[in-house]
Every structure is written in structure tokens, then in C-alpha cells.
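*Asks:* Spelled out from the first residue to the last, the chains are:
There are 2 protein chains.
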Amino acid sequence: MVKRERWRQDFSGWFSDMLQEADIMDTRYPVKGLYVWRPYGMKLRNLVFSILRQLHESSGHHEVLFPLLIPETLFQKEAEHIRGFGGQVYWVTHGGNQKLNIRLALRPTSETSMYPMFALWIRTHADLPIKVYQVVNVFRYETKMTKPMIRLREVTTFKEAHTAHATKDEAESQVKEAIKIYQKFYDELGVPYIVSKRPPWDTFAGAVYSIAFDTITPDGKALQIGTIHNLGQNFAKVYGLRYEGVDGKHHLVYQTCYGISERAVAAAIMAHGDDDGLCLPPQVAPVQVVIIPIPFKERETPVEKVAGEVKEELTAAGIRAHLDNRDLRPGNKFYYWERRGVPLRIEIGPKDVEREQITAVRRDTGEKLTIARKSLKTQLVQVLEQITNHLRERAKKSFQGFVNSTTDLKSAKELLKKRGGIVRIPWCGQESCGKQIAEKTEGEMLGEEIDSAPTQTAKCPICSRQATVNALLAKTY
Amino acid sequence: MVKRERWRQDFSGWFSDMLQEADIMDTRYPVKGLYVWRPYGMKLRNLVFSILRQLHESSGHHEVLFPLLIPETLFQKEAEHIRGFGGQVYWVTHGGNQKLNIRLALRPTSETSMYPMFALWIRTHADLPIKVYQVVNVFRYETKMTKPMIRLREVTTFKEAHTAHATKDEAESQVKEAIKIYQKFYDELGVPYIVSKRPPWDTFAGAVYSIAFDTITPDGKALQIGTIHNLGQNFAKVYGLRYEGVDGKHHLVYQTCYGISERAVAAAIMAHGDDDGLCLPPQVAPVQVVIIPIPFKERETPVEKVAGEVKEELTAAGIRAHLDNRDLRPGNKFYYWERRGVPLRIEIGPKDVEREQITAVRRDTGEKLTIARKSLKTQLVQVLEQITNHLRERAKKSFQGFVNSTTDLKSAKELLKKRGGIVRIPWCGQESCGKQIAEKTEGEMLGEEIDSAPTQTAKCPICSRQATVNALLAKTY
Numbered sequence: 012m013v014k015r016e017r018w019r020q021d022f023s024g025w026f027s028d029m030l031q032e033a034d035i036m037d038t039r040y041p042v043k044g045l046y047v048w049r050p051y052g053m054k055l056r057n058l059v060f061s062i063l064r065q066l067h068e069s070s071g072h073h074e075v076l077f078p079l080l081i082p083e084t085l086f087q088k089e090a091e092h093i094r095g096f097g098g099q100v101y102w103v104t105h106g107g108n109q110k111l112n113i114r115l116a117l118r119p120t121s122e123t124s125m126y127p128m129f130a131l132w133i134r135t136h137a138d139l140p141i142k143v144y145q146v147v148n149v150f151r152y153e154t155k156m157t158k159p160m161i162r163l164r165e166v167t168t169f170k171e172a173h174t175a176h177a178t179k180d181e182a183e184s185q186v187k188e189a190i191k192i193y194q195k196f197y198d199e200l201g202v203p204y205i206v207s208k209r210p211p212w213d214t215f216a217g218a219v220y221s222i223a224f225d226t227i228t229p230d231g232k233a234l235q236i237g238t239i240h241n242l243g244q245n246f247a248k249v250y251g252l253r254y255e256g257v258d259g260k261h262h263l264v265y266q267t268c269y270g271i272s273e274r275a276v277a278a279a280i281m282a283h284g285d286d287d288g289l290c291l292p293p294q295v296a297p298v299q300v301v302i303i304p305i306p307f308k309e310r311e312t313p314v315e316k317v318a319g320e321v322k323e324e325l326t327a328a329g330i331r332a333h334l335d336n337r338d339l340r341p342g343n344k345f346y347y348w349e350r351r352g353v354p355l356r357i358e359i360g361p362k363d364v365e366r367e368q369i370t371a372v373r374r375d376t377g378e379k380l381t382i383a384r385k386s387l388k389t390q391l392v393q394v395l396e397q398i399t400n401h402l403r404e405r406a407k408k409s410f411q412g413f414v415n416s417t418t419d420l421k422s423a424k425e426l427l428k429k430r431g432g433i434v435r436i437p438w439c440g441q442e443s444c445g446k447q448i449a450e451k452t453e454g455e456m457l458g459e460e461i462d463s464a465p466t467q468t469a470k471c472p473i474c475s476r477q478a479t480v481n482a483l484l485a486k487t488y
Numbered sequence: 012m013v014k015r016e017r018w019r020q021d022f023s024g025w026f027s028d029m030l031q032e033a034d035i036m037d038t039r040y041p042v043k044g045l046y047v048w049r050p051y052g053m054k055l056r057n058l059v060f061s062i063l064r065q066l067h068e069s070s071g072h073h074e075v076l077f078p079l080l081i082p083e084t085l086f087q088k089e090a091e092h093i094r095g096f097g098g099q100v101y102w103v104t105h106g107g108n109q110k111l112n113i114r115l116a117l118r119p120t121s122e123t124s125m126y127p128m129f130a131l132w133i134r135t136h137a138d139l140p141i142k143v144y145q146v147v148n149v150f151r152y153e154t155k156m157t158k159p160m161i162r163l164r165e166v167t168t169f170k171e172a173h174t175a176h177a178t179k180d181e182a183e184s185q186v187k188e189a190i191k192i193y194q195k196f197y198d199e200l201g202v203p204y205i206v207s208k209r210p211p212w213d214t215f216a217g218a219v220y221s222i223a224f225d226t227i228t229p230d231g232k233a234l235q236i237g238t239i240h241n242l243g244q245n246f247a248k249v250y251g252l253r254y255e256g257v258d259g260k261h262h263l264v265y266q267t268c269y270g271i272s273e274r275a276v277a278a279a280i281m282a283h284g285d286d287d288g289l290c291l292p293p294q295v296a297p298v299q300v301v302i303i304p305i306p307f308k309e310r311e312t313p314v315e316k317v318a319g320e321v322k323e324e325l326t327a328a329g330i331r332a333h334l335d336n337r338d339l340r341p342g343n344k345f346y347y348w349e350r351r352g353v354p355l356r357i358e359i360g361p362k363d364v365e366r367e368q369i370t371a372v373r374r375d376t377g378e379k380l381t382i383a384r385k386s387l388k389t390q391l392v393q394v395l396e397q398i399t400n401h402l403r404e405r406a407k408k409s410f411q412g413f414v415n416s417t418t419d420l421k422s423a424k425e426l427l428k429k430r431g432g433i434v435r436i437p438w439c440g441q442e443s444c445g446k447q448i449a450e451k452t453e454g455e456m457l458g459e460e461i462d463s464a465p466t467q468t469a470k471c472p473i474c475s476r477q478a479t480v481n482a483l484l485a486k487t488y
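The listed protein sequences correspond, in order, to chains A and B. Take the first sequence: its position 229, counted from the start at 1, is 240 in our numbering, and no numbers get skipped. Take the second sequence: its position 356, counted from the start at 1, is 367 in our numbering, and no numbers get skipped.
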């Protein structure tokens, strides 16, 4: 029933086409790496990010909004940081015809604009913790091949959270809370992920360590979909973030930051799609149920009327229902809404009206259901839940098929080459061994897996010492 | 009861101080014209703009999101337009260390990025109308004195709507719809306004005509809080926006655009405040009711417990209630929440607990009310509505006191000088007369008032011909 050949074998082509055909984005904006969110895509984006906002609000994060423009003086202060972004920053140099005295960076992320302000906000321990977030546009002068939603010059939708704490332990707990938030978020979207601690050579500039969420594309490549950084006191030192403790002395704060971009939307699209188009999880589908009247000339009116009633009934029940009464053939409408990934289609023909029923067709399985009008609402709620669960399980299964374990380098290399995905291999944790593992398997080291440990007898495939962690290898998108 | 001396006599100082003291914005960001939205201010901003979004959605506008960066080539295409913004545009010239081939403008508004895409979206009459909006940051290299929320280099929150239509009449109707939307929006906020058609010399570059909403600051100056432009076919010609009509021929579309910025938030703050701080309309108040326990040592527990119950009860009823159980004196808490403009304060002391009542204090009037616990919810809803109405009426009255009519130039000049506000004076509608009226009264011509007409015998004070419109004059903020 479900065809996933192109989705798997030509994922890049599938993804670009679907964004355009399902009215998610217009990829024809005449600047490399910049794209336009179209109305249907924008609704999807807003629904996805409303889950993320909600998770932040309910865990005590407060929304703020900082300027886009960061003066070079402030930006340069974090020399570590500029090393991380310097080559990729867009610079504003002129206002009108005037050259600016100080160049302004378009934020690539907001540490350097936020933390000097935090320094003004923090006086005593009573001002801590600070837990804020913003959803903003950020910029990178990306020289690699750009890709809508995935590799952008303007990331239009970056949720970045920033926190400050009195103690190291609290910062550590905050990292754990952030991991939980991201887990819940991606669980809600039915997007599978694996969590790892990035290796030292791939840690965020200025961070003590970085945690990352990766998913796997349909063609077997790892895609980073969220990062969490424990910043320790590195930024606090640079920007003078000190608080007066109960001991009357001044201490540097500990900080964390964590971000998710519109890649989350890309992840939801890729996890569940098929050759016919998108297949959206009900929770974020802009249209959850589309109602298509199947009229016959002599009986048009009752069909239209009942379709209208059904739409009202579902809307009143809090279901995002849409009645498609355009002057098109039903088949065209089916195609149209399939592309757009609407989870459930309701068809109402003269027979359905007579029998006081509707016909429902699931987007995920193609299954046809006949549902009595009188139990419509409760049954639809159930079916939507079944779709949610089915999508989640299906994506998980596909993901698990891509995650393989091995203990030797040769098979790791072969697995990466033949099956792609992620390969788990024991590692002693030493940087030099880690780099050699990556090199010899021709993969990239995602990092050490969180929540997994090698067996007691497992050895590092380079130095043969006892393995302390599981390394994750992949080809990255 | 209500003191409004500083509010009126030192409005600029009052406004800046209140933004800082009520945790709306931090005005200490180290770049001129850029400010930071703090959590409480951000909540206010979101509530204000959610009304505006809702009004756009319910009238068939679809949200989109276009890139911030506009290539100079596209930007220059609208020569009229660049004349309007050229001197005030920020230019990105470098990516990393590389000089860009084509300079990129930070959008001052989005006609030049949107309309070339519209040209791709519009094929036939079936693609029309297009009605889209976005809420984005826009930039102006402002050389005048900047002011948080009011005169910015980064306008953080610009709702811009753009439409395209098959006929001139439809564009004309769209202007009327936009006026209605803005009226409803400001009515909801209780912000008084006057609507006028800007004079030809103050029309948006590229527009056939511009309509503007102005309010009046507490110190009597006109402040533009919304504009609506009928663009005719001017942009359509430049960007080739054509559709195939039912006649099989290709026609240029007609367009409109209209925008409201975070000045709307400023307008709501200034309209209702007083010397003690903000006084927010319940609909947009981040906290509608603050509950303050007034404990006595020996009876602390029941007070705290009841306060918690009241908070739960109100939250369940959909009221944004906050329980302030910080370890501070009640008087400090009163002051704190007064500054922040919370419409209603509930005090719960031992006596209140005994008598199964609460004491409520209105922020707008200072009035104290005793309300029985059992009718709390229904009574509070009523009181909040009374506050809404009272604020609206009070603001309207204050506004009306600032709008004066006269027929001669001398008294117009005097009125502007002595009482400020807006002066209405008959005008023949000729540009040369209009400019002279403005010059001789030392005011600025806002334009001709919509929905008002001079008496049949009224004469233009310059040429003495019959007046056809009422001109509005003011000192502007």
C-alpha cells in the first residue's frame, strides 16, 4: 500500500519537490539559502513550534526577544566564540550611504548579545536561575550546498534557550531538563532520534561539552536536529556574569544553552512521508480531516449539506477540519490533499447520506473505514490517535533498521557503506582513538551515546584498552 | 485618586522609566535604537499581537514568512520605492571575510521581496485575491532620536499584510476591510485614534494614496500607529504581476498593503497609564488578577491555603491569575504589581478567610471591593469588563479633549501651541493650500479626515474657495 521508493532512493529530490508541491515553501527566492514559507507550511511550522514553546513555558522558561544586530566589539569579546562563527557571519557595514563606525553582525546565535545583558540582570543569588528562550531568525554565511529547512543562510525559526545558574550541579540538571524537553518534543512529532555527547573536536565553541540529537534521513544519513551545551563558566568569565551568594561573596554563574531550528519541521516531514507526498502527524497537521463531497448530479444538495454539517460538527469538537467544495473532480482533490499529508480524508456520497455514515480513508495506510454519523466524533478522535501511534511506530522501526552495532572497524566501515545509518562501536573515549575510528571507517563520529554502555569485555578497536563508551558513527547529511 | 501629572507633563521620561521599571523592555542594549523585550513585556507584546493575528486570520489573511535579506538588484527595481527608503536601509556587504557580489538590504518592509514571488504565484484570476501577512523584524537606519517601541532601528514586531486583486474595486474594498480590522484592533485595546488620508507629499512611495491611524500621546502629540496603502498597479507594473482574466487576456493586478508595528504596544501603554505605572486593559494584561496573601503570624496557613485555592479557581475559569507568595511585605507587592499595570489585585487576610470573602482593588480607580467567595468568578469577570470599559472611556475622553476644530489659521496655530493635540480645519484639498496651512499654523498636516466633512459654507483658509475636506493638523511625536 505504502510506496516509499523515491522517498528512500532519491530523498533529496523527494524533499525539495514535496516542499514545493505541498505548498510548504517556495524555493525560488532569488538568493542562495533563502526560502519563503507559504501559508500551508507556515501553519505546519507554527503548530510544530507551539509544542516546543509549550514545553519551554511549562518548565519555567520565559520568552524574551533580543536584537538581531550585534556590534563587532561585543562579538569579538568572546574570542573562542568568534573562532566558532567568525568565518560564517554576515556583516552590516552601511546604514543608507553612510559607513557605520562599528560593524554589526547578524546574530548566528545570541550568546554575545544576551550575556552582556544577563550581567546587568544578575545581582544576587535571588536573581538566579535565569531561564529564557526566544524564537528568532539567525544567519550563517553557508558556503556549502544549501537546502530548504536544513542548511540555510537565514534560519528563519531558531528556538534558542539560555540559562544561568548559581552552581555547577544546577547547570548539570538543566542539561538533563533540556534533554527531557527535546525528547518529549520529538516523541510528540513521532520523530526518532539518538542522543550523543559530541566528541571534543566537535563541541560548540565556548562549551564544556555538547549534547546532540540526531535523526536519520530516509536515505540513511544522520541529521542533527537539536543541540544542548553546558557552557560551564566560560562565557560568564568573558562577560562578567557574577552573583552575590548567601556567603556575601561574588561568584561566576554556570550557564547552558540549547537550540532547535526549523530542521524539526524537516524531520517531521521526512520521518513520515512516502512517494505520494507528506503524511503529517495529526497533532501538527494544519488540516487533520479533509471532507470531500462526492456528488451525483441529481442529488447534489443533500451531499453538500451533510458535508457542511460534518465540517461544523468536527470543528466544534476541536478537530481541524476542512471542507473542500471546490469545483474539481474528487480524484483531483484526493491527490491534492494526499500531497499535503492530511491524516484523514472523509468522503461523503449519496449512499453515505442515505445510510447516515461517512467513508474515511487513512493517509498513512490507505485503509478505508465506514463510520456511523452518530459516533463520528468519538471514532475520529480514536482513528487520529491510531494514526499518531502508527506513524510513530513505523518511523521508529525504520530508524531502528538503520542503527547497527558492531565491535570491529571493518564491519563498521562496511555497514556504513552498504546500509548507511548509524553504527555503534565500543570506544575507550580517547580523542586520538576516536579520530582514528572515524578515519578508518570513513564515517563521522557523532559522539558517545547517552544512555548506553559497552559490555564489560568490549575493547576499543584502536588501542584495545577497555571500552568505556559506545561511539556512534555515521555519514552525515 | 488617579494621578497623571508626570504622565502628562514628562511623558517621554515616564514612558522610558516605566518600560524599564515594569520589566517591559531593557533599554540598555549597547546599540542605538535597539532594545530587549523582557519576559513580562514579551507576554504583553504576544497578547497584543494575538488580537491582530486573529483579526487577520478570521478575515481570510494567511500567514507567510519571507526572507529578511533582499538583494540590491531586486530592491533597486522599484526606483520609486528605493527613493522612499534608500537613505535608511542597512546593507550587508560581507559574509565572513568575503565581500558579497551583490549587497543585501535588511528589509525596511517587504514589497520588494514579496512581489517578485507573487509574480510566480499568480497565473489566472483563480489565484486571486492573495491576502497574506507576516509578523517580522524590519530595519531602518534611523538618524533621528530613537525611542523604545516608537522610533527604532530594529522594529522587532512588524505585522505587514499584502494583497493582490483582479480589479480596482476589490483593492478599494480591501482598503476598507483593512481600516475595519485596525479599528477593531485599537477598539479592543481601548486606544483612541483618528483616521486620515495622508496628503500627497506624505504618501508611501509607490502608493496611490495612504491612510493612517494616529493616536495622541499624553503630552499632546500625534503618533502614527498604523498605515494602509492602496498601491494601485504601481508595483504590479514593476514586478510584472499579471493574471489571465476570464476574457483570456492578461491584466495587471491591483494591490494594497498595510502595517502595524510594536507602536501598538506603546499606544496601549500610554493610553491607560498613570503616575504609578502601567494600567493594562484586561484583554492584554499578562496577569489579569494578582493574589496577595496578607498573613498574620499565628494564622498564616489558612490565608496561604485559601489564596492558593482562589488562584486555582480563577485559573480554571480562564483568568490569568498569579499568586504572589514571595517573602516580601504586602506593601512592596502592591507597588510592584501597580507598576506592572495588573488590572485587579486581590487581598486575602485572616478576616477575609473567616468571612468567606476576598478584597479586590481596581488598578484603574483604586476602588476597593468586597466580594463573596461563592460568587467570586462571576463577579471578577464583571469587574474586569468594567475595567475594560472604563479604560476605554477614560482614554477616549482624554483623546477628545485633544481634538479641536476651528476655521481660521490664527486660532489653529494657537490651539496647537497652547493645547497641542489635533486641530481640525476646513481645506479645499489643493496641495499648495495644504502646505500653506501647515506652514502658517506651524503644525504638520496629518491629512484629510476620513468620515468627516466640512459644513457646506466652510471655506479654505488660504484660497477662500469652498472647503471639500477637513484637514487635520498636529505636532507629531
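None of these hints come from the bench; they were simulated from the model. All C-beta atoms, glycine included, are put in the ideal place defined by N, C-alpha and C. Be aware that a few hints might be false.
[As the list claims (entries may be wrong)] The calculated lysine to aspartate or glutamate pairs, modelled on EDC-like cross-linking and capped at a C-alpha distance of 20 Å, are:
{"id": "1", "chain 1": "B", "residue 1": "Lys-110", "chain 2": "A", "residue 2": "Glu-153"}
{"id": "2", "chain 1": "B", "residue 1": "Lys-322", "chain 2": "A", "residue 2": "Glu-68"}
{"id": "3", "chain 1": "A", "residue 1": "Lys-142", "chain 2": "B", "residue 2": "Asp-34"}
{"id": "4", "chain 1": "A", "residue 1": "Lys-43", "chain 2": "B", "residue 2": "Glu-68"}
{"id": "5", "chain 1": "A", "residue 1": "Lys-110", "chain 2": "B", "residue 2": "Glu-83"}
{"id": "6", "chain 1": "A", "residue 1": "Lys-54", "chain 2": "B", "residue 2": "Asp-34"}
{"id": "7", "chain 1": "A", "residue 1": "Lys-54", "chain 2": "A", "residue 2": "Glu-83"}
{"id": "8", "chain 1": "B", "residue 1": "Lys-110", "chain 2": "A", "residue 2": "Asp-37"}
{"id": "9", "chain 1": "A", "residue 1": "Lys-54", "chain 2": "A", "residue 2": "Asp-37"}
{"id": "10", "chain 1": "A", "residue 1": "Lys-232", "chain 2": "A", "residue 2": "Glu-450"}
[Claimed, not checked] Computed footprint of chain B on chain A; a stretch qualifies when at least three of its residues, placed anywhere within it, have a C-beta under 8 Å from a C-beta of chain B:
{"id": "11", "segment": "61-71"}
{"id": "12", "segment": "267-281"}
{"id": "13", "segment": "386-396"}
*Asks:* If a hint holds in the structure, say so; if it doesn't, say that too.
*Replies:* Here is how each hint holds up against the structure:
Proximity of Lys-110/B to Glu-153/A is assessed by CA-CA distance (about 14 Å); at most 20 Å being required, the pair is judged to hold. Restraint check for Lys-322/B and Glu-68/A: satisfied, since their Cα atoms lie roughly 18 Å apart, inside the 20 Å limit. Straight-line distance between C-alpha atoms of Lys-142/A and Asp-34/B comes to about 15 Å, which keeps the hinted pair within the 20 Å bound. Taking the CA atoms of Lys-43/A and Glu-68/B, the gap is about 31 Å. The hint is violated against a cut of 20 Å.
Simply put, Lys-110/A and Glu-83/B have alpha-carbon atoms about 17 Å apart, close enough for the 20 Å limit, and the pair holds. Our distance criterion of 20 Å between C-alpha atoms is broken by Lys-54/A and Asp-34/B, whose separation comes to about 31 Å. At roughly 36 Å between alpha-carbon atoms, Lys-54/A and Glu-83/A are farther apart than 20 Å, so this suggested pair is violated. With a CA separation close to 27 Å, the supplied pair Lys-110/B and Asp-37/A exceeds the 20 Å bound.
For the given pair, Lys-54/A sits about 14 Å from Asp-37/A by alpha-carbon distance, which is consistent with the 20 Å threshold. This hinted pair checks out: Lys-232/A and Glu-450/A have alpha carbons roughly 17 Å apart, not beyond 20 Å. Residues of the segment 61-71 of chain A lying with their CB closer than 8 Å to a CB of chain B number 0, which falls below the three-residue condition for coverage. Only residues whose C-beta sits within less than 8 Å of a C-beta in chain B count toward coverage, and the segment 267-281 of chain A has 0 of them, not enough to reach three; the restraint is violated.
Coverage of the segment 386-396 of chain A by chain B is violated [criterion: at least 3 residues with CB-CB distance below 8 Å; count 0].
Comparing the model with each numbered hint stated earlier shows that hints 4, 6, 7, 8, 11, 12 and 13 do not hold.
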